[in-house]
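So the sequence lines, in the order shown, correspond to chains A and B. Take 1 as the starting number for the first sequence in UniProt numbering and just add one per residue. Take 1 as the starting number for the second sequence in UniProt numbering and just add one per residue.
Heads up, a few of these hints could be off.
[Stated by the list, open to error] Taking beta-carbon pairs under 10 Å as the criterion, some of the chain A residues facing chain B (in silico):
id	residue
1	22
2	66
3	67
4	79
5	83
6	158
7	167
8	174
9	177
10	180
Source of the hints: derived by calculation from the structure; they are not laboratory data. Even glycine gets a Cβ: it sits at the ideal position worked out from N, Cα and C.
The lines below spell out each chain.
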Amino acid sequence: MNEFLDFDWIRRNTGVIADLTVQHLLWSLIAVAVGLALALPIGYLVHRTGRAAGFLLAVAGLLYAIPSIALFVAMPLVLGSKILDPINVIGALTVYTFALLVRSVSDGFADVDPQVRQSAVAVGYGPIRRVLGVEFPLALPVIFSGLRVATVSTISLVAVGAVIGNGALGQLFDRGFQSGFATPIIVGIVVILVMALLADGLILLIQGIMLPWFGLGPRSGGRGRLRRLVGAPR
Amino acid sequence: MNLFEHLLDPANWSGAEGIPARIGEHLTYSVAAMALAMVIALPLGILIGHTRRGNLLVAGLANATRALPTLGLLVLVVLLLGTGMLPVVLALAVLAIPPILNSTVVGFRTADPDAVLAAAAMGMTGGQQIRQVELPLASPLIMSGLRSATLQVIATATVAAMAASGGLGRYVLDGQKRADGYPEMVTGALLVMVWALVADLLLGALTRVAQRRSSGRRRVRTDLFDTDEAEPGPDTRNKGASA
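Pulled out of the complex, with its shape left as it was, chain A reads as follows (with noise of 0.2 Å):
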């Protein structure tokens, strides 16, 4: 049994397949979720901090140049985890989010036009609704560029855990690869493509959504445009 793609083997492991893309699905919502729910504080205090801020983002850009797959393993000794649970695979994930996140987050509250700011302050804003109703929605492009890409290479990177026994989706990649058998590794391709390719324009709609003035096109001038262009908020 050696074709390309056998559409048999689909039709009968329709059970398993779905079952894994739920798996993948909670694990990347996860990850991003308590990443950015980290991130957004921490990223404005990083922002706030000034001469820190430097220093306090290499450390996050270190972090984030770890391989994941050392990061999986570094796992359980940090949570005091078994090697096979997928807390490991969740947690390593939402410390690359948070490394991503932190640093657009820091950068979004810098794109603001102090100017802004102060006319905020100078019509009577205190500094709770200054940073929550004006501030923040003016950072909020970058944090969602960020977001973007935080998704996306997280929904990709959960598969990296099969090789620590683990993975999700990436399951289908250990058992074609066994078997000598391409449909299922064609399969986990896909579905965790599509998966991806959605969650990034589900976000972008979203974006759309809460940010109607920001349209949905690429904003004209500045850092904020370089940093899109070249793709990641780094």
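For chain A, the structure is supplied; the task is to place chain B on it using the hints.
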């Protein structure tokens, strides 16, 4: 259980499956893949960047490959082409091409159009414009593209162990199959982490050199002609998944 017993055991430091051999394999995969990717992506990027055609294609390619599961691609390529060095290097090069291509094109696109126009007005040929104006101005971004591609390749070369190849990922995979294999996994994880951080710091330093050189040239130019052109030094690394 001592976490470092595998790493510190002298018996593991020699032979065909020893640590130096595994490090050598990992380095060979990474360097060969980067060389192949650069030979393809740099000329293509320069062509697209100089002629300003096909920008959309490059951006789309960069986005799509971030979503591509590296492990799946690698396993599929090895399954179809057979185990060995060449399929692994091919798959790794495929992953490195989009970031290099993208950063080269963006580097050319963000090079000051006035400078390029001035070069053309002075009678520079296309090749001279590329070599003397566009490439120096684009070099910081090109460097940062090479940096993220290198990280991606080092990380994915670890994953190659699952596709029946060598490299440092071997320790992670072999250790995972044994009940008492955690120290062996730690060896692989630790060494690949060190490699990645060393490569990142090294290429980061090179990026800063390129940045200083390109902005230094620009400073001379602004002094002479008194324009207020001042680009922010872009630390725009095309970061995606580092499998």
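Tested hints:
no.: 1; hint: 22; result: violated (17 Å)
no.: 2; hint: 66; result: holds (5 Å)
no.: 3; hint: 67; result: holds (3 Å)
no.: 4; hint: 79; result: violated (14 Å)
no.: 5; hint: 83; result: holds (6 Å)
no.: 6; hint: 158; result: holds (8 Å)
no.: 7; hint: 167; result: holds (8 Å)
no.: 8; hint: 174; result: holds (7 Å)
no.: 9; hint: 177; result: holds (5 Å)
no.: 10; hint: 180; result: holds (7 Å)
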